[in-house]
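*Asks:* Chains as they are written, first to last, in the working numbering: chain Y, 430 to 799; chain C, 430 to 799.
Hints are not guaranteed to be accurate.
Chain C stretches covered by chain Y per the calculated footprint, using a threshold of three residues with CB under 8 Å from any CB of chain Y [claimed, not checked]:
id, region
1, 479-493
2, 501-511
3, 685-697
4, 756-765
Going by beta-carbon spacing under 7 Å, a handful of chain C positions derived as facing chain Y [claimed, not checked]:
id, residue
5, 585
6, 586
7, 660
8, 703
Source of the hints: derived by calculation from the structure; they are not laboratory data. Here the structure is a predicted model, which is why all the values come from computation and not from measurement. For every residue, glycine included, the Cβ atom is placed at its ideal position computed from N, Cα and C.
2 protein chains.
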Amino acid sequence: MSEEKERLPGAEQPAGAGSAAGAEQPSGAAQRDFLARQRGSFDPALLLAGLRNGDRNSLARALTLVESDRLEHRKLARQVLEACLREKTTATAHASLRIGITGVPGVGKSTFIESLGMMLINAGHRVGVMAVDPSSEKSGGSILGDKTRMEKLAAHESAFIRPSPARGTLGGVADRTREHILLFEAAGYDVVMVETVGVGQSETAVHGMVDCFLLLLLPGAGDELQGIKRGIVEMADLLVVNKSDGDFEKRAVETQRDYERALHLFPPTESGWVPPVLRCSSTIQNGMSVVLEKLLAFRDAMHTGGHFARRRQEQAGSWLHEAIRDGLSAGFYANPAIRRALAEEETAVRAGNVHPLQAAERLLERFRER
Amino acid sequence: MSEEKERLPGAEQPAGAGSAAGAEQPSGAAQRDFLARQRGSFDPALLLAGLRNGDRNSLARALTLVESDRLEHRKLARQVLEACLREKTTATAHASLRIGITGVPGVGKSTFIESLGMMLINAGHRVGVMAVDPSSEKSGGSILGDKTRMEKLAAHESAFIRPSPARGTLGGVADRTREHILLFEAAGYDVVMVETVGVGQSETAVHGMVDCFLLLLLPGAGDELQGIKRGIVEMADLLVVNKSDGDFEKRAVETQRDYERALHLFPPTESGWVPPVLRCSSTIQNGMSVVLEKLLAFRDAMHTGGHFARRRQEQAGSWLHEAIRDGLSAGFYANPAIRRALAEEETAVRAGNVHPLQAAERLLERFRER
Chain Y
430 MSEEKERLPG
440 AEQPAGAGSA
450 AGAEQPSGAA
460 QRDFLARQRG
470 SFDPALLLAG
480 LRNGDRNSLA
490 RALTLVESDR
500 LEHRKLARQV
510 LEACLREKTT
520 ATAHASLRIG
530 ITGVPGVGKS
540 TFIESLGMML
550 INAGHRVGVM
560 AVDPSSEKSG
570 GSILGDKTRM
580 EKLAAHESAF
590 IRPSPARGTL
600 GGVADRTREH
610 ILLFEAAGYD
620 VVMVETVGVG
630 QSETAVHGMV
640 DCFLLLLLPG
650 AGDELQGIKR
660 GIVEMADLLV
670 VNKSDGDFEK
680 RAVETQRDYE
690 RALHLFPPTE
700 SGWVPPVLRC
710 SSTIQNGMSV
720 VLEKLLAFRD
730 AMHTGGHFAR
740 RRQEQAGSWL
750 HEAIRDGLSA
760 GFYANPAIRR
770 ALAEEETAVR
780 AGNVHPLQAA
790 ERLLERFRER
Chain C
430 MSEEKERLPG
440 AEQPAGAGSA
450 AGAEQPSGAA
460 QRDFLARQRG
470 SFDPALLLAG
480 LRNGDRNSLA
490 RALTLVESDR
500 LEHRKLARQV
510 LEACLREKTT
520 ATAHASLRIG
530 ITGVPGVGKS
540 TFIESLGMML
550 INAGHRVGVM
560 AVDPSSEKSG
570 GSILGDKTRM
580 EKLAAHESAF
590 IRPSPARGTL
600 GGVADRTREH
610 ILLFEAAGYD
620 VVMVETVGVG
630 QSETAVHGMV
640 DCFLLLLLPG
650 AGDELQGIKR
660 GIVEMADLLV
670 VNKSDGDFEK
680 RAVETQRDYE
690 RALHLFPPTE
700 SGWVPPVLRC
710 SSTIQNGMSV
720 VLEKLLAFRD
730 AMHTGGHFAR
740 RRQEQAGSWL
750 HEAIRDGLSA
760 GFYANPAIRR
770 ALAEEETAVR
780 AGNVHPLQAA
790 ERLLERFRER
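From just these sequences and the hints, can you work out the full model?
*Replies:* Shown next, in the form of structure tokens:
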């Protein structure tokens, strides 16, 4: 996406008003001019005004801003995010619903999200959607083809779909995804869906940033689940067997029963919520209203018990501590001398010749002495 | 346990030979004398010699030494542990088997461990046992009473039972448990069982330090599992329904079938091993030989596929990186000024007023500036 295309329609007029970027002299080379405009387009005050008005371009630009690794962008991004956080009263913050949706490629995530999203829009909500795994595009959506992916939802003015950022590290994706959620909410999207493909560690990360975690299943016995990481089933608040239509319906019923039985053997969730196993066909729109009903029932139950607010507070606290630990590790692992020493120590440790704690202590000592 | 009681029988003779403690003048107050003797009893060379001979007192003292938080003790402990690591050839290291055993209080862990332990001893093994959760003593063993807990095993010369260290932080327990395993192996215990109670985070930690993770289940539907943390079932390499005798047998058969069906729905383990669900009564010694058989089959399968060595290498590598991260965090969180600032930031973050990344950055900056 080019910055030009994303620029706020009225960005030119208020330039220079209150922003450091605008304070620069407008004279100079074309490149300087372009950079100034670009910086202007990331002006926190303008972005915030746009977000408050639900302006799509502002949202797109804000999402792009928080994805940037450039130090100046990170600073601007945090100004925007802090303002978003401060403006939200507890009431509006908790009025939103963040849903994680996962399932193997081919389970029909896109169709399901589109179907659920349209129902939520018809019920008066505004829906934001983002994907965390870039891989989901490759294998997952290929059945329907990329062009028809959430076509109706993508065209609707009450929906905003953000494709997955192509990032290397999960940590980065996770952080930015959390920030994206805040921006979506600031722009008035009160339902935010985060799609993951169920093969990596993304699910654990996403589970730590949503209110409700929904697992889509294929009809048929467990063999189809080979792509799903162990432990994901137990994180689910809602399980939905998709593609329950035509020839698949009988198998879908069996799968539903199998999972109901299996889940009964697992310990209850902290809140006492019993994850239901539902069945639907998002293609022929069958069973989707029950999915929506259960989703809202889950949300209400969490609110009633106070678990909703508690979960969000805990997620914010975890994010802080994770960020601290990540920051400490980043400083350590970025040090070239440390990296060389670490490679040697690690080989010896893995071979069983050196005690891990001894190696760690030597490396930490070296790091502190720098 | 008093140091006096634990002292190596011949500790007096070689005092002063090579050890720093022994180099001190023996004249002085009784207390100085006692301290010198005590330090002498932690002499790495003596401890190692004792461990090599399979001396029980040396093992007990080495276990105590690595539990100590005193800096001088930590240094001595690492000397001992590094020597243990260096002496072990890859062959002998892999000849050992580390088993994690978990289950809710009342599932019969002690009886099970005693029964399995005696079978292993009869097959020529030497068996070390330790508990990780102090809580397991309180609620778990109370049915049989503490005195009869693993009575036969405790009295056997080929077994060594170490009660749980009473520690606050899990991190500490986990580290020390890993070190205890090394000491047990150095003293010739080729099977080491680590018992946890299944309610805390200990299981994940223990899973990261054993070769085989065994979950004990009660006969009856999932309701009894309320105490077990979600996710533990999926970590198990072996599941065993205990107390399958008398009136419970019918329910045990049902439970076994239920879990077999449920596990079928879960994705396979990385190694391709399918965790079997067994049934036994450790009280009347029924079905225990099948448990032993499957346990050894698991070990052999892991060795054949190379998973055994790989898992150990990965565990050692993880330990190193965990130790680095823990060390970095410890330095950060131990700082009084940081702790005060953190408390304020955390409150604001949890209330949703401050962006976690912003708060983290401020705190990290402050920490670096010290």
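*Asks:* All hints, please: hold or fail.
*Replies:* Each hint, compared with the structure:
Counting residues of the region 479-493 of chain C whose CB lies closer than 8 Å to any CB of chain Y gives 0, so the stated coverage by that chain is violated, three being the minimum. With a threshold of 8 Å between beta carbons, the proposed coverage of the region 501-511 of chain C by chain Y holds, since 3 of its residues qualify and at least three are required. Residues of the region 685-697 of chain C lying with their CB closer than 8 Å to a CB of chain Y number 9, which satisfies the three-residue condition for coverage. A count of 5 residues in the region 756-765 of chain C with a Cβ less than 8 Å from any Cβ of chain Y is obtained; the coverage claim is therefore met, three being the minimum.
Interface restraint check: residue 585/C against chain Y, minimum CB-CB distance 29 Å, threshold 7 Å, status violated. Against a cut-off of 7 Å between C-beta atoms, the interface hint on residue 586/C is violated, since the closest Cβ of chain Y lies about 28 Å away. A hinted interface residue such as residue 660/C counts as satisfied when its beta carbon comes closer than 7 Å to some beta carbon of chain Y; here the least separation is about 5 Å, so the hint holds. A hinted interface residue such as residue 703/C counts as satisfied when its beta carbon comes closer than 7 Å to some beta carbon of chain Y; here the least separation is about 11 Å, so the hint is violated.
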